Amino acid sequence: MKTKQLFLMLIFFFMVSSIYGQNIIKGKVLDKNTGEPLIGATVSIPNLNIGTITDIDGGFEFEIPQDVKRFKVTYIGYNGKNIEIDPGKEKYTIKLISGKMLDEVVIVGYGNLKKSDLTGSVTKLIEDVKTARQYSGVDELLQGRIAGVNVSSNAGSTNGAISVRIRGTNSLRGNNEPLYVVDGVIINSAGEDVLNATNDANELQTAQNGLTGLNPRDIKSIEILKDASATAIYGSRGANGVVLITTKGGDRVDGKAVINAYSTTSVHSVTKKVDVLDPLKFARYQNEANAVLGYEPRYVIEGDDIYSIKSYTDTSIVTNSYPARPIDWQNDIYQRGITYNTGFSIAGKKNKTSYYFSAGYNDINGIVETTKFRKGDLRLNLNSKVSPKLTLDNRIALTYQQGTFAQAGSKSGGNRSFTKQILTYRPLVDSLEESDDNDLEISNPFAWLTDFDDIIKETRINVSTSLEYKIMKNLHYKLRAGTDFRLKARDKWYGTAIFKGGIENGIANYSSLNRKSYTVDNIFTYTKNIRKFHELNTMLAVTYDGSEKTNEIFEITDFPIKTLRSSAPQLGQVISQPRTLFLENEAIFSGLGRLNYSYKNKYILTTSFRADKSSKFAKGKQWGYFPSAAFAWRLGEEDFIKNLDIFYNLKLRFGWGVTGNQAIRPYQTLSTYHTDYYVDGNGTTVIGSVPSRIANPDLTWESTEQYNVGTDISVFDGNLSMTVDAYYKKTKDLLQNINLPTSTGFPFMTVNRGSLENKGLELALDAILIHNKEMDFSMGGHISFNRNKVLSLGLPASTVWIDGIEREEVFYYGNTVSTGTYFKAPANIFMEGQPIGMFWGFETNGVYRDEEAASAGPTYKGNANHAGDLVFVDQNGDDNIDSDDRTFIGNPNPDFTYGFDFSLSYKRFTLKALFDGVYGNDIANGYNLELGFAEGQFKNILTSTYDNAWRPEQPDNTGTRVGFNMMHEGFVDLIVEDGSYLRLNILTLSYDIPVKKSLFNNMNVYVSGRNLFYFTDYSGYEPQVTSFLYDGTIMGVDWVGTPNVRTILFGVNLGF
Amino acid sequence: MKNYKFLLSLFFISFVGLYSCELDENPNFLSSTNVFEDVEGAKIALNGVYAGLIDYGYYTSEYHHVLNWTSGMYNSNRDGSLKDIAALNPSPNDKFISNLWAGIYRTISRANNVINQLGDKNLGNPDQRDLILGQALFIRSLAYFDLLRIFGKAPLITKEISSDNPSTGLSGPEELLAQIIEDGEKAAKLMAEEGKNEKGRPTKYAANMLMAKVYMWMAGNKTSAETNLWQKAYDHAIQVYGKYQLMDNFGDLWKEATRNNNKESIFELQGNVENTFRLSKYWTASKATVGGNTWARFKPNLEVYDRHLATYPDDPRIKYTFITEYNKYKANGSFTIIKTYPVFKGRNNKEKSYPYGYKYFIKNGLAINTDSDMNFVLFRYADLLLMLAEIENELNGPAEAYQYVNEVLTRARNSSDTTVTSPANWEGLTQDSFRANITKEYFFELQQEGHDFFNVRRRGYDFFRSFVIEAHNNQLSYDFNKARDVKFVDNDRIMLMPIPEAEINSNAKISTSDQNPGY
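Same order as they appear, the protein sequences are chains A and B. Counting with this note's numbering, you get residues 2 to 1057 for the letters of the first sequence. Counting with this note's numbering, you get residues 449 to 967 for the letters of the second sequence.
No wet-lab data here; the hints were simulated from the structure. All the pointers check out, no bait thrown in.
Only pairs whose alpha carbons sit at most 27 Å apart, straight line, appear in this in silico DSS-like list of lysine-lysine:
{"#": "1", "chain 1": "B", "residue 1": "K930", "chain 2": "A", "residue 2": "K311"}
{"#": "2", "chain 1": "B", "residue 1": "K607", "chain 2": "A", "residue 2": "K620"}
{"#": "3", "chain 1": "A", "residue 1": "K940", "chain 2": "B", "residue 2": "K935"}
{"#": "4", "chain 1": "B", "residue 1": "K811", "chain 2": "A", "residue 2": "K563"}
{"#": "5", "chain 1": "B", "residue 1": "K776", "chain 2": "A", "residue 2": "K311"}
{"#": "6", "chain 1": "B", "residue 1": "K930", "chain 2": "A", "residue 2": "K862"}
{"#": "7", "chain 1": "A", "residue 1": "K940", "chain 2": "B", "residue 2": "K776"}
{"#": "8", "chain 1": "A", "residue 1": "K70", "chain 2": "A", "residue 2": "K92"}
{"#": "9", "chain 1": "B", "residue 1": "K935", "chain 2": "A", "residue 2": "K862"}
{"#": "10", "chain 1": "B", "residue 1": "K800", "chain 2": "A", "residue 2": "K311"}
{"#": "11", "chain 1": "B", "residue 1": "K930", "chain 2": "A", "residue 2": "K282"}
{"#": "12", "chain 1": "B", "residue 1": "K798", "chain 2": "A", "residue 2": "K282"}
{"#": "13", "chain 1": "A", "residue 1": "K733", "chain 2": "B", "residue 2": "K957"}
All values derive from a computational prediction rather than experimental measurement.
Looking at chain B on its own, in the form it has when it is part of the complex:
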């Protein structure tokens, strides 16, 4: 009987002992409770937001796929896309569009996390806290601005998502713009002055430039008589004026030694070999390096090339914008010279029927590893000068606007070893003709740099139709019966991308009827 009692009590004790034993999870991970304790933790969280920007879904890859193809300015070696998205015919389940949407929102959710977790905390160092918060707001503003311009409407999410309510309905342009402006204006106050920022991080002037772009986008085709948005754009753009400098030679913007973090750069996304931008692979011709793996996802359309030659015949920028001849390598290092359009006239050759873009083309043919430390410059000073020229022309006519655009043109002219006269300084234009010219000028200076999609849409579908669709479909060099040349559809739905099917399917507050018109 003693045994009995002993064992029963043993059983009882073990049961009770274990009952009270704690089974709480204590993972070896960081969480919101230990990340935002001090400046260092918050900085690391901010790094995570930047990491969102260089995510594959955003500026490392998908941004360029969607925006370059639907700018209507580029052909592609990717046959699968050539007939749909690259023919201005994207579908709501296009993977590039879905990935881009998801990538932008991943960045927004990280920014929301930093902004909300910082809340009223001062981290014991209010200055540092402001810098961190300012950058997070700047990135959120930029991300929503991208969503607005690409999709027209989007769920506006500014708080951290909770598990019980993951769906948010679509907000229209007005609500989105209100948030973009609120964040951007705040960021412009909180971010660092030039010289006080960490190397490679944007200053408050990047926020000013962003705001100038926002107001210009809002102004669209309205004149300054109709809206005060041009004035608002000016107020921000002029803050940046004189804070940066143009590189002396346009070509230096694309040379390995000088392309990263130079004096012309206003906002630049940082990369290195481990966290490399895919742009080089996307722009470089197949087998243009010993390493091989490059894909020519984007190749300038013929009208884009021809237009530049026709407008500025000996513009030194041409050779830093287009490649019409390159070495095609075999694995053993031997190569053959490939000459493309305009020398090659055939229309169905994957290698030769189109010229290549120079800016991100890998210049070192002997490279084995085609990953590089290249950064991606999103805002540079020449862009700002062109914007200022456009704004000034809208506000007060050409008189004071010439100085800005001519600064850019002069640098272009001076980018050659020999003396050239093109592009000549502008003079003697009316307000209307200045406007017509400056609208196109962006494509000579900033082509391939991720702005084309926006710059062809900012002035409305009429401009898009004549500048992109008609210019393309009427370009005589094409043979649209051949598979490589694709004819563009004339449909104004292309002004916006379709809301991704993946979002519509998973979001309880969005239905198919909310899809952008035409999709």
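The following block holds chain A by itself, in its conformation from the complex:
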């Protein structure tokens, strides 16, 4: 857009100047901060439509009529300046300050608006290219920067699942991810992965990042649409907010290509270890536990040497002749990972075509040696003015990645989970040689390294092509078509040293995803400026988009020869999961429009409307309508405010809108069948057809109505600016996967039921504190508060006990956390009138000091207590502890989230820091159900658990006795911890090396640290809980979390 206008101006200028040519103005436009030339800045006399743009050295020269007194210089991302013309002056040196610009263009859905014309809550994020190169994904770019945007990801698990939430949780259905739109093409893959190939219900695959294929270095800007007046234009998919990503284009003026190259090396290491028993204490614990449980001791301890006991005779003990070898599994498994990143970009403009080309290569090595991952990507963005009326824009990106991953942990826990084995596996090994692992049981941590593969290969192609035709001056038509094509294959191998592989003599399973989604937009825009008072910006569009997806799964077992692992499925003898295809097609057809009207640049009204027709619903339920309206008052333009001369900008915004959510799997309204298997009398497998679900033909949209009030204030020439937004959202007809009674024969059903609300306050502040030739110091911060509440669930009430009072409440439980031995209970409850996902479990009150106290206490599921048992609070007073005695034991929703950043430049040095944090949420540390009780099993536990265990001789100890093992299935307040944290997310120090007319134009080196400091009381690995990110019914539960990772990065940027 901009390019074209400038081009026009240029033509205009030549025409005009040839007529009047009287006065020549020359000069140079520089960045005040860096002194670097600003290429492509606009120098103009607005009233006369005369202007030019600066060349590669920031220079300009143009002729103006003699009576002109001043001219204007503007540049994107900088504060513009009006320059008085000094008749005697031959050459002007104009220095612009980078800052917030009001006439900056902001991308909104299906178009763009001037920032000053915005009526909704839209935040624009621009990251400078040096910093962007440090990120591996969009999620990292968003992390901790924007009020109301909360990103959860664990840096420890490379390519691990990520979750972005804008303004709280709208939906209980599981996926609260915003809609991503890249160059106008919808990318709906945040929670997407291949299907789990195994039919073993206990083996859940580690979730992986679905937002691949977008390289942060190619991103020009990200706009986050937060309130409904902005997102309603995305209708049925706008409820969770929208992230609009625009990739870079070429230069705006003809000239030499600008080449940038970069290279970074980063080193990752574990930030913290969980304090489990050292070998000596472990041996003591085992012996003590065996004594308590009535077994013979396991070890003979002589000084620091520990000998395993092999057998007992009537008279003596036979031990190994050599002491057991100690192993610190966390030290042995978690290593230092090194990642290399390199790439370059070329941008420029030649004739009528501007281009941006970039290529990158990443070689990523995680903290576990089996996590190795390579990625290459290419992008080519071309914009060509085919004719004065026709512009062709073509953006294409290709990404290929492949690698192997360590298992991050399985939902079932136990020895099916690598991360759990590292913590719980005994720290003593009975073998002399390091390489001799005969003594190690199945699924020991080494086995997970040597006999497990999770290999992925992914190809992704993103294309956005558009053709814009200028029908007349104010009316444009744009045809845009795009695709997001994704091909991902994931092959897993479970050797016999892994529990799962051991059962079936080796298992290879294969799953792949072949998905192409497409978008076709027909967009008309009409802009009109009537008598300078009325500004009209309208858009009308018809769009059609959808996706075709094929998932394929296959599993084969029983490998007589295992050396080729998953690369040779033909060596497997038993097909445990026949090759199965799941085809899912979905489509949405929509008509939409928006009208933005501004009167005198003071009063702005925006209304939008979208009608969506979705294939996911039954006939008669397919159409959904999503209106919005917003009003903004630019108070700062009113004379009485202007005269105060305080405000650089002052704007009030009011907005309302309705958005929807239809992110359920297709075919829920139909009663389809799937295949199950039986065997005939000859031993041959025969297929059977069985119903897959209870069809729900009544399904429809989930809809969210949102109100927003906001203000934008900036003072001191825009050097201090603040944005405050308050919102109220109500979501009704919640799409939920409700647990069906198991007696129906089906586990769950998708229904529209219930409503919930979110209300919140967001505040963002930006300040440029020092800004001069030598030094630049700016800071920013944001904080957001969100409160949610379940309003109704549409269920009958049942009896619960809260604070010892019997109440009739309406609620349901979240999904059971684990399928394994521990935490086989739901953690969360969804109760009317309460915040969503409150923790629901047993309240405890220390341990019984002695037998007398124990026998006086309530029985536990009918069993008598002993000294050292946990004191459960008997909520209903029936003298027995059972599931009726559960009550609220925590709240996983934070009080507020916040972030702040500093940027300090001095001469050639720049120091940047970004902090982010969460306050007031609780985390259920699932590890501690196993590590936090000295059950006496042949497994390691926390040092504090062992030290604090109640013993007859230590009756004041507050932990449960050795041998207490009643917490398998329960969920107690003992494992609920405060999850608040503040961390130094990123700290970067960079230096511009002076280059004197050498090969390079500029050269910049930097060192950066990520996750350098973590201030938290949370005892687990990582307070950013990433387990169950896409299961909306399990919240705040750290189940098999991986260690957090600190990264130190060294980088160099070169400009040619």
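Fit chain B to the given chain A structure using the hints.
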């Protein structure tokens, strides 16, 4: 201006054109509309019902966990369960119980689907349709009979569930039995005669046997003077008599070559390596094969072993019922011999303190893949003969009852290479002593085969207490101070399993107060 009109009309056309474009889902899946069009489709749907029976939640796995442990006859290597469900102390959120409940209902829902979709359709082949419907009714009857016996009450669902009303309240034994009998009697009429069934599929006699079991269960401790249920049981059981034969050698029932679909089998669930029963892994000692992964989830209690030896000292069935010595393998194929109780007397050894069950133990120690093609025989002819003996004794006293039980005992005696005298034929018993003996006889013949839970409960809690709890708690070989030996609680709640918490939580028509007494 022309442009204007042209583009506006283009816009309009595209809008209208797309507006009318159909966005109906047309998935590439089967659905009820195309499955039940013909016999072949209906047969495949019936396969799905059978697949429900061999689901992990039902006869492949969870049935055995719940029923073996709460029969009070088996110890376990699964430490987590040893102290709760295997100590006769199950909790309402026990995963095995929840899975079993869900597994049975999954089968019922599939059967309901077939029964209701068939409705009045004759599929162009009424005979085939009857066979399909009969089998679906038989399976539904069996599934509800299992629910009744395990849980005492259950939601009675016979129609396909619709989305607007997924909850069904609990029905008591009378309503459940009425449905079980209605389905079973119908099935007995519709299913195939012997020889006319597909290989591996049950005949109408399986339905007769099921009905005989139902009436015996209803009769409980009532005498034939008090009820006509024994007569009803007889009417069904006698239909089966002579239609099957005992295997010549008891051991052949458990040998790889002869265990599947033999002449003694009346109702047998089919498995193969791909769709394998987990039973072998559950019964085989850990590392008793080169492949390793076997778990000894169930090991006979000492009183069970001792009782058999005391009752029939050289019964040839003993060596086909218990294992007291096996080879423990390393991955390289070398092995050590493990001798268990009664040779080993220690009480806290996971490997040796208990004998193992023979019937599903993997006999080939060199097996690497421990999945097998083993079937699971639910009804076999010896069971029927014991039932007939019991029924006949109830109706008319021992005189005509001996023939049935002696057939079973004779086969047992003849199952040895050498001549043995035990178990001797029965004679000279009173009606009461015959009853007392036959009640216990099931455990010598059918132990470990999935009937123990029912057979110890059918005669009431007094029998359960003396035969299971007291026999166990008074068995002198145990040391209940050691972790492996668990003492049983004397509480009659164990006659029924708790209604799973998952069902109570998700079912709007069931509340905690509906829970079985004592849980």
